[in-house]
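Given the sequences, and given the hints that come with them, work out the whole structure.
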Amino acid sequence: MRNGADPAGAAVDHALRRVISDRGIADLATVVSTSAVGPVQAGQKLLVELDGETWGTLGDADLDQTVARDAREALESRKSQVITYRVADVQVEVFHEVLEPRPQLLIVGAGHIAVPLARFGHQLGFEVVVVDDREKFANVERFPEADRVIAADFGATLQDYLLTPSTFVVIITRAHTYDEEALRIVLGRPHAYIGMIGSRRRVQTVLRILAAEGYDPAQLSAIRAPIGLDIGSETPDEIALSIIAEVVAARRGGTGVSLSREMRPIALRTGGEE
Amino acid sequence: MTSTQDLGRMMQQAEDRVKNGERVAMVTIVRTRGSTPRKVGTKMLVFEDGLFAGTVGGGCGEADVLQETLNVMETGQPSLFHVDLTADEAEESGDVCGGIMDVFIEPWSPGASA
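Chains as they are written, first to last, in my numbering: chain H, 1 to 274; chain Y, 275 to 388.
FYI, nobody ran anything at the bench for these hints, they're computed from the structure.
Among the clues, some could well be false.
Just the calculated beta-carbon pair ranges, DEER-fashion [claimed, not checked]:
no.	chain 1	residue 1	chain 2	residue 2	range
1	H	Q219	Y	K293	44 to 50 Å
2	H	E76	Y	I374	24 to 30 Å
3	H	D160	Y	G350	41 to 47 Å
4	Y	L325	H	S35	33 to 39 Å
5	H	S35	Y	T349	18 to 24 Å
6	H	G155	Y	G333	43 to 49 Å
7	H	S221	Y	T349	56 to 62 Å
8	H	E145	Y	E348	53 to 59 Å
9	Y	E322	H	P226	34 to 40 Å
10	Y	S309	H	S221	50 to 56 Å
11	Y	E322	H	S260	52 to 58 Å
12	Y	G333	H	H112	37 to 43 Å
13	Y	G333	H	D51	39 to 45 Å
14	Y	G350	H	A36	18 to 24 Å
Which residues of chain H face chain Y? A partial, calculated answer using Cβ under 8 Å [stated by the list, open to error]:
no.	residue
15	I20
16	T30
17	S33
18	P39
19	A42
20	Q91
21	F95
22	L99
23	E100
24	R102
25	L124
26	E127
27	Q204
Ideal Cβ placement from N, Cα and C applies to all residues, glycine included.
If you want it as structure tokens, here you go:
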């Protein structure tokens, strides 16, 4: 948008800011080139939201409509790309830019596992947020890599917290009662992943209680508890590694199984020949 | 890919500069071919003094992009700029440079988005 005074530009600007602050997803379509001078000019923008609502204009109503239709595909595939259109005899190139938030790692509990976990999360491209009700633990000195450290009550913080489909929630507080409280609050709200620490027995008990209370069984079975991949971790660093590995697998659609596992029978069968 | 968090930060930065009466431009990679150092959607903010935030080339082809960006600030007209990182010159600077990319350069004015 080259002219902020232009109402279409102001509408895009306003909507874009909202998408950013709401952690939303949108396709920002921008004219990047035209083969001739006309009403459609380089720099003009149309913002298309996930629900199909549009803001601004590329300078031609029909073009807006076609671009909005293609935006749906872009938003589904999450792929930004240039698409060429024709408006009358003018060739117009539009850049469909898929805007989405960086995934967020919400670490509930700032104990000894949270420290390496925040570091790993940051390193792997997550926006890292740490919550704990103890100021002694929840502070920037302890979590220099975190984007935000919140020292406040778990329940109140999570109640008001903006959870989105790209929030990865890791529940690792110092006490099962807090873990359970946090779990109740985030369950049924948008998230990409929920993991909770605990022994198999303890975790089972909690899940049974929640099921008996009428929580959706599908939601309960999606909870990663006990949290983490089985890498035999013992130290806090190793446990954090097992957690972040599971988070990455959830993000990227991995199985968490050793890549060699499926190869082994094949290697054994053909081993003599190679 | 530029995340919305990063975009928000860049918008804030751009606005602060514009408020000071400075000119600002946004550079976005819109198309790549071959193995370019940065992916489609990567953004860079360029200020009038030639300083910039972010990188579209990871050090490769940046001088040309900066020069063109200064032109865009001068004319106020956006530009789709072709950058060839396969040139000999780029090769000399190391293995990380490679591929071809188009960047869209647009001036930023008060109240402007992206």
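Structure-based check of each hint:
1. The beta-carbon spacing between Q219 of chain H and K293 of chain Y, approximately 47 Å, falls within the hinted interval of 44 to 50 Å.
2. Range check, E76 of chain H to I374 of chain Y: about 28 Å between beta-carbon atoms, so the 24 to 30 Å window is met.
3. Between D160 of chain H and G350 of chain Y the beta carbons are some 44 Å apart, a value that agrees with the proposed interval 41 to 47 Å.
4. For L325 of chain Y and S35 of chain H, the Cβ-Cβ distance of about 34 Å falls inside the hinted range of 33 to 39 Å, so the restraint holds.
5. One distance hint, 18 to 24 Å for the beta-carbon pair S35 of chain H and T349 of chain Y, holds here, with the actual separation near 19 Å.
6. With their beta carbons about 48 Å apart, G155 of chain H and G333 of chain Y fall inside the hinted range of 43 to 49 Å.
7. Take S221 of chain H and T349 of chain Y: their Cβ atoms lie about 60 Å apart, and the range 56 to 62 Å holds.
8. Against the hinted window of 53 to 59 Å, the Cβ-Cβ separation of E145 of chain H and E348 of chain Y comes to about 40 Å, which falls outside the hint.
9. Evaluation of the 34 to 40 Å hint for E322 of chain Y and P226 of chain H yields a failure: the beta carbon distance comes to about 55 Å.
10. Under the hint 50 to 56 Å, the C-beta atoms of S309 of chain Y and S221 of chain H, about 41 Å apart, miss the expected range.
11. Evaluation of the 52 to 58 Å hint for E322 of chain Y and S260 of chain H yields a pass: the beta carbon distance comes to about 55 Å.
12. Distance hint check for G333 of chain Y and H112 of chain H: the Cβ-Cβ separation is about 39 Å, which falls inside the suggested range of 37 to 43 Å.
13. Here the CB-CB span from G333 of chain Y to D51 of chain H is close to 40 Å, well matched to the stated 39 to 45 Å.
14. Remark: the range hint 18 to 24 Å for G350 of chain Y to A36 of chain H is upheld by a beta-carbon distance near 20 Å.
15. At a threshold of 8 Å, the smallest CB-CB gap from I20 of chain H to chain Y is about 4 Å, leaving the interface hint in force.
16. Satisfaction of the interface hint for T30 of chain H is found here, the shortest Cβ-Cβ separation to chain Y being roughly 7 Å, below the 8 Å cut-off.
17. A least Cβ separation of about 5 Å between S33 of chain H and chain Y falls short of the 8 Å threshold, and the interface hint therefore holds.
18. Contact between P39 of chain H and chain Y, as hinted, is not supported at the beta carbon level, the nearest pair being about 16 Å apart and thus beyond 8 Å.
19. A cut of 8 Å between beta carbons decides the hint on A42 of chain H: the least distance to chain Y is about 4 Å, and the hint holds.
20. Of the supplied interface hints, the one on Q91 of chain H is violated, with its beta-carbon coming no nearer than about 12 Å to a beta-carbon of chain Y, more than 8 Å.
21. A least Cβ separation of about 4 Å between F95 of chain H and chain Y falls short of the 8 Å threshold, and the interface hint therefore holds.
22. Taken as an interface hint, L99 of chain H checks out: its beta carbon lies about 5 Å from the nearest beta carbon of chain Y, inside 8 Å.
23. Nearest Cβ of chain Y to the Cβ of E100 of chain H: about 6 Å, under the 8 Å cut. The hint holds.
24. With a cut of 8 Å, the hint placing R102 of chain H at the interface with chain Y holds, because the nearest CB-to-CB distance is about 4 Å.
25. A hinted interface residue such as L124 of chain H counts as satisfied when its beta carbon comes closer than 8 Å to some beta carbon of chain Y; here the least separation is about 13 Å, so the hint is violated.
26. At a threshold of 8 Å, the smallest CB-CB gap from E127 of chain H to chain Y is about 6 Å, leaving the interface hint in force.
27. Hint on Q204 of chain H is violated. Least Cβ distance to chain Y is approximately 37 Å, over the 8 Å limit.
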